[in-house]
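Undergrad: Sequence:
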Amino acid sequence: MVKITPQKFKKALFDSGGIKTTIARKLGVTRKAVYDYLERNPKLKILLKHEEEKILDMAEVSLFAQVKNKDFPATKYILSTKGKDRGYTEKQEIEHSGQAQIIIEEHVYDKDKDSIEQEAKAGS
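The numbers in the numbering used here rise by one with no breaks, and the one at position 34 of the sequence shown is 34.
Since the hints were derived computationally from the structure, they do not count as laboratory data.
A few of these clues could be false.
[Stated by the list, open to error] Cβ pair distances, simulated, as ranges:
#: 1; residue 1: 21; residue 2: 63; range: 22 to 28 Å
#: 2; residue 1: 96; residue 2: 60; range: 35 to 41 Å
#: 3; residue 1: 11; residue 2: 60; range: 25 to 31 Å
#: 4; residue 1: 19; residue 2: 72; range: 26 to 32 Å
#: 5; residue 1: 19; residue 2: 97; range: 47 to 53 Å
#: 6; residue 1: 79; residue 2: 2; range: 44 to 50 Å
[Claimed, not checked] With a straight-line Cα cutoff of 27 Å, these simulated DSS-like cross-link-like pairs (lysine-lysine) come out:
#: 7; residue 1: 32; residue 2: 3
#: 8; residue 1: 84; residue 2: 68
#: 9; residue 1: 49; residue 2: 26
#: 10; residue 1: 3; residue 2: 45
#: 11; residue 1: 84; residue 2: 54
#: 12; residue 1: 20; residue 2: 8
#: 13; residue 1: 54; residue 2: 82
#: 14; residue 1: 26; residue 2: 3
#: 15; residue 1: 26; residue 2: 54
#: 16; residue 1: 54; residue 2: 76
#: 17; residue 1: 49; residue 2: 82
#: 18; residue 1: 43; residue 2: 32
#: 19; residue 1: 10; residue 2: 43
#: 20; residue 1: 49; residue 2: 3
#: 21; residue 1: 32; residue 2: 8
#: 22; residue 1: 20; residue 2: 3
This one's a predicted model, so the numbers in the text were calculated from it and none came from an experiment.
In this text, a Cβ means the ideal position worked out from N, Cα and C, and glycines have one as well.
Sequences are here, hints too, so could you generate the full structure?
TA: So this is what it looks like as structure tokens:
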């Protein structure tokens, strides 16, 4: 059985993208062993979060490069996610010009009816 140490974990974490399966493979342990080790070592959880953030930063850089190259799907994605304040959105707005009728029905069940009657008698 392989013993995970903080040093081994940090080495396996490097360039893993924060993917626990990758970390487990590098350590020669199961994914569950990685989860368990992280639960016992909260400081390493912070390092894992930093590794996850690095991969997101890389994805954003890649997306930005695509937008600079006038890639339409990438541009549309950026506008629909980060350009909402400027009115770029995928939401559909539906207007209704007719009348809407709302019917509210109240049902009192026997059990509730008895308690309501008792409360009414007690209050009078």
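Undergrad: State for each hint whether it applies.
TA: We went through each hint and held it up to the structure:
Between residue 21 and residue 63 the CB atoms are about 24 Å apart, so this pair conforms to the stated range of 22 to 28 Å. Distance hint check: the CB atoms of residue 96 and residue 60 are about 39 Å apart, consistent with the given range 35 to 41 Å. One distance hint, 25 to 31 Å for the beta-carbon pair residue 11 and residue 60, holds here, with the actual separation near 26 Å. Checking the proposed 26 to 32 Å range against residue 19 and residue 72 shows it holds: the Cβ atoms sit about 30 Å from each other.
Range check, residue 19 to residue 97: Cβ separation about 52 Å, and the 47 to 53 Å hint holds. Restraint check, residue 79 to residue 2: a C-beta distance of roughly 48 Å satisfies the suggested window 44 to 50 Å. Taking the CA atoms of residue 32 and residue 3, the gap is near 14 Å; set against the 27 Å cutoff, the hint holds. With a C-alpha separation of about 19 Å, the suggested pair residue 84 and residue 68 falls inside the 27 Å cut-off, and the hint holds.
At roughly 18 Å between alpha-carbon atoms, residue 49 and residue 26 fall within 27 Å of each other, so this suggested pair holds. For the suggested pair residue 3 and residue 45, the alpha carbons sit about 18 Å apart, so the restraint of at most 27 Å is met. Restraint check for residue 84 and residue 54: satisfied, since their Cα atoms lie roughly 25 Å apart, inside the 27 Å limit. The suggested pairing of residue 20 with residue 8 holds, with an alpha-carbon distance near 14 Å, which does not exceed 27 Å.
As the CA atoms of residue 54 and residue 82 are separated by approximately 20 Å, the hinted pair is consistent with the 27 Å bound. Distance hint between residue 26 and residue 3 is fulfilled; the C-alpha atoms sit about 13 Å from each other, no more than 27 Å. Between residue 26 and residue 54, the direct Cα distance comes to roughly 19 Å. Compliance with the 27 Å bound is thereby established for this hinted pair. Restraint check for residue 54 and residue 76: the C-alpha separation of about 24 Å stays at or below 27 Å, so the hint holds.
For the proposed pair residue 49 and residue 82, the alpha carbon gap of about 23 Å is at most 27 Å, so the pair holds. Only pairs whose Cα atoms come within 27 Å are accepted, and residue 43 paired with residue 32 is accepted, the gap being roughly 18 Å. About 11 Å separates the Cα atoms of residue 10 and residue 43, which keeps this hinted pair within 27 Å; it holds. A hinted pair counts as satisfied when its Cα atoms are at most 27 Å apart, and residue 49 with residue 3 qualifies at roughly 22 Å.
Under the criterion of a C-alpha separation no larger than 27 Å, the hint pairing residue 32 with residue 8 is consistent with the structure, at around 16 Å. With a C-alpha separation of about 16 Å, the suggested pair residue 20 and residue 3 falls inside the 27 Å cut-off, and the hint holds.
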